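Colleague: One letter stands for each residue in the lines below.
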Amino acid sequence: DAKTTQPPSMDCAEGRAANLPCNHSTISGNEYVYWYRQIHSQGPQYIIHGLKNNETNEMASLIITEDRKSSTLILPHATLRDTAVYYCIVRPSSNTGKLIFGQGTTLQVKP
Amino acid sequence: GAVVSQHPSWVICKSGTSVKIECRSLDFQATTMFWYRQFPKQSLMLMATSNEGSKATYEQGVEKDKFLINHASLTLSTLTVTSAHPEDSSFYICSARGRAYSNQPQHFGDGTRLSIL
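From first to last, the protein sequence lines are chains A and B. Position one of the first sequence corresponds to residue 1 (my numbering), numbered consecutively onward. Position one of the second sequence corresponds to residue 1001 (my numbering), numbered consecutively onward.
Since the hints were derived computationally from the structure, they do not count as laboratory data. Heads up, some of the hints might be wrong.
To be verified - As a list, the in silico DMTMM-like pairs of lysine to aspartate or glutamate whose alpha-carbon atoms are at most 25 Å apart:
(1) Lys98/A - Asp1088/B
(2) Lys1020/B - Glu1087/B
(3) Lys69/A - Glu1063/B
(4) Lys1055/B - Glu1022/B
What the hints assert, rightly or not - Which chain B residues stay away from chain A? Per the calculated CB distances, all over 10 Å, these:
(5) Ser1083
(6) Phe1091
(7) Arg1097
(8) Arg1113
Remember, predicted model here, so these are calculated numbers, not experimental data. Even for Gly, the Cβ is constructed at its ideal location relative to N, Cα and C.
With the sequences and hints as input, model every part of the structure.
Modeller: In structure tokens form, the structure reads like this:
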């Protein structure tokens, strides 16, 4: 599965958009990009996933570059409750579905 | 949305005892369940993948005789930490996915914090 690279930490002001980048330059054509987040002492929470088109749901938007080598997760109006570790993971739909977690980005939303 | 329930959420026990953790998918049938372990300030590490009705597949370095996994139904998987010792203290998290070999996301339980005295 392709490896992802994320900045270790980011800050964001409450109410502003949080843009979390992820590089996945070795992504294959059949690999999806998944985003999860983990709030302290809880299990990871699914946010969004996509293959090549931009995606939006009630939680966030996912912007994938045309060459698919990077993506950005956008939280449009960050709140204090969005403070968490955000994980960007790529995996093919053809495998067993296991997710390999990297170190993620710790997002701190500040008042 | 999909809900995965994990029980217990916290357990403290003496060294040498065995501990069973349950993972249930509440509103969908989970053909595949996964077990992860997380140490403080570290990321999640996949321990094993289990498919309903078959033996679990363990990741390299995970002792299958130490961590017994049973996935007897489409809604329940259990992880038993046998003869637990202090070094087994960790945060254990399960996840479940419905249809196999698809792009459906996994959904995670809230984890079990295991402390071995």
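Colleague: Would you mind marking each hint as holding or not holding in the structure?
Modeller: Hint check results:
no.	hint	result
1	Lys98/A - Asp1088/B	22 Å, holds
2	Lys1020/B - Glu1087/B	17 Å, holds
3	Lys69/A - Glu1063/B	36 Å, violated
4	Lys1055/B - Glu1022/B	17 Å, holds
5	Ser1083	26 Å, holds
6	Phe1091	8 Å, violated
7	Arg1097	5 Å, violated
8	Arg1113	8 Å, violated
The structure is inconsistent with the numbered hints 3, 6, 7 and 8, although it conforms to all the rest.
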